[in-house]
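**Q** All chains should be built: construct the whole structure from the sequences, respecting the hints.
As numbered in the working numbering, residues 1 to 214 make up the sequence shown, in order.
Calculated directly from the structure, the hints in this document are not laboratory data. Be aware that a few hints might be false.
What the hints assert, rightly or not - Cross-link-like lysine to any residue pairs, in silico, SDA-like; alpha carbons within 20 Å at most:
| hint | residue 1 | residue 2 |
| --- | --- | --- |
| 1 | Lys48 | Val148 |
| 2 | Lys62 | Ser118 |
| 3 | Lys62 | Pro89 |
| 4 | Lys62 | Glu90 |
| 5 | Lys48 | Leu114 |
| 6 | Lys144 | Ile134 |
| 7 | Lys62 | Gly95 |
| 8 | Lys144 | Cys177 |
| 9 | Lys62 | Lys144 |
Stated by the list, open to error - The calculated label-pair distances, taken between Cβ atoms and stated as ranges, are:
| hint | residue 1 | residue 2 | range |
| --- | --- | --- | --- |
| 10 | Asp38 | Gly138 | 26 to 32 Å |
| 11 | Ala201 | Pro120 | 32 to 38 Å |
| 12 | Arg27 | Arg133 | 28 to 34 Å |
Given the structure is predicted, the values throughout are model-derived calculations rather than measurements. Every residue gets a Cβ at the ideal spot worked out from N, C-alpha and C, and that includes glycine.
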Amino acid sequence: MAGTRSLLENDGRRALLVIDLQNDFCRGGALAVPGGEDIIPLVNELLKAFPISVLTQDWHPKGHCSFAPPFKDIRDSIAGGGGTEGSWPEHCVAGTWGADFPLGLESWRARLILRKGSRPDLDSYSAFLENDRISTTGLAGWLKELGVSFIYVAGLATDYCVRASVLDGLALGFGVCLVSDAVRAVDASPGDGDRAIGELAARGCIIRRSEEIL
Numbered sequence: 001m002a003g004t005r006s007l008l009e010n011d012g013r014r015a016l017l018v019i020d021l022q023n024d025f026c027r028g029g030a031l032a033v034p035g036g037e038d039i040i041p042l043v044n045e046l047l048k049a050f051p052i053s054v055l056t057q058d059w060h061p062k063g064h065c066s067f068a069p070p071f072k073d074i075r076d077s078i079a080g081g082g083g084t085e086g087s088w089p090e091h092c093v094a095g096t097w098g099a100d101f102p103l104g105l106e107s108w109r110a111r112l113i114l115r116k117g118s119r120p121d122l123d124s125y126s127a128f129l130e131n132d133r134i135s136t137t138g139l140a141g142w143l144k145e146l147g148v149s150f151i152y153v154a155g156l157a158t159d160y161c162v163r164a165s166v167l168d169g170l171a172l173g174f175g176v177c178l179v180s181d182a183v184r185a186v187d188a189s190p191g192d193g194d195r196a197i198g199e200l201a202a203r204g205c206i207i208r209r210s211e212e213i214l
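**A** What follows is the structure, encoded as structure tokens:
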């Protein structure tokens with residue numbers, strides 16, 4: 001691993017983007033993605049390998065527009081409202097345990113922590129654009145200022161915020177690689193995660209497992 005790690009450290013054009021690996025999306029959280037916590041050790045290894053890395057956080061105010069009455073779990077939520085704005089149970093409220101990173105995640109290694117979805121009237125799936133498809137998070141400009149032209153993407157969930165971030169990254173001119181064993185899907189309908197990966201590949205995203213990168 002040491003040789004590959006040195007190569008990545010000498011290539012300032014590449015960065016790692018870890019999407020929404022937060023307590024509320026892991027076991028015991030309000031919107032737990034099945035197996036979401038299982039990717040933490042692998043994400044830590046990826047964070048060690050990349051000198052430029054970004055962790056995103058959903059960072060919602062109380063009463064956020066995406067919140068609805070409680071659901072049993074994330075799949076129930078989607079069945080009840082399709083995962084659209086106003087259909088998720090309260091989650092990732094700014095400053096709460098649910099919005100924090102899991103204790104095992106080496107978040108201190110990240111060069112940037114990007115908080116999104118903080119406007120009461122607007123949600124944000126993508127790390128690059130809010131859901132109005134007009135407001136930007138500033139991430140694209142920050143990466144380009146650092147000379148980054150290619151990003152590796154990991155995190156939660158494959159069929160929602162990861163998918164949206166990859167698609168926007170491609171549209172904004174970045175080369176994108178999805179680290180396929182460092183993501184997990186909601187799979188509200190069986191196979192949603194695999195279908196999302198197929199869509200991303202068809203749109204030009206490279207799909208690689210971590211051992212091909214580390």
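**Q** When you take the CB atoms of Arg27 and Arg133, is the distance between them in 28 to 34 Å?
**A** Holds, since Arg27 and Arg133 (Cβ atoms, about 32 Å apart) stay within the stated range.
**Q** Does Ile134 sit within 20 Å of Lys144, going by the straight-line distance between their CA atoms?
**A** Judged against 20 Å, a Cα distance of about 19 Å means the pair holds.
**Q** Evaluate the given range 26 to 32 Å for the C-beta pair formed by Asp38 and Gly138.
**A** Once the Cβ atoms are compared, 31 Å apart, the range 26 to 32 Å for Gly138 and Asp38 holds.
**Q** Mind checking the alpha carbons of Lys62 and Gly95 for me, to see if they're no more than 20 Å apart?
**A** holds (10 Å)
**Q** Given the hint that Lys62 pairs with Glu90, does the C-alpha gap stay at or below 20 Å?
**A** Distance ~8 Å between Lys62 and Glu90 Cα, so the pair holds.
**Q** Going straight from one Cα to the other, do Lys48 and Val148 come out at no more than 20 Å?
**A** Between Lys48 and Val148 the Cα gap is close to 18 Å, so the pair holds against 20 Å.
**Q** For Lys62 and Lys144, compute the direct alpha-carbon distance and say whether it is at most 20 Å.
**A** violated (33 Å)
**Q** For Lys48 and Leu114, compute the direct alpha-carbon distance and say whether it is at most 20 Å.
**A** Judged against 20 Å, a Cα distance of about 19 Å means the pair holds.
**Q** Measuring from beta carbon to beta carbon, are Ala201 and Pro120 in 32 to 38 Å?
**A** Roughly 36 Å apart at Cβ, these two residues keep to the hinted range, so it holds.
**Q** Within a Cα-Cα threshold of 20 Å, do Lys62 and Pro89 meet the stated pairing?
**A** holds (12 Å)
**Q** Keeping to a limit of 20 Å between CA atoms, is the pair of Lys144 and Cys177 held or broken?
**A** holds (17 Å)
**Q** Under the criterion that the straight-line Cα-Cα distance not exceed 20 Å, is the pair Lys62, Ser118 satisfied?
**A** holds (10 Å)
Against the hints set out earlier in the document, a violation occurs for number 9 only.
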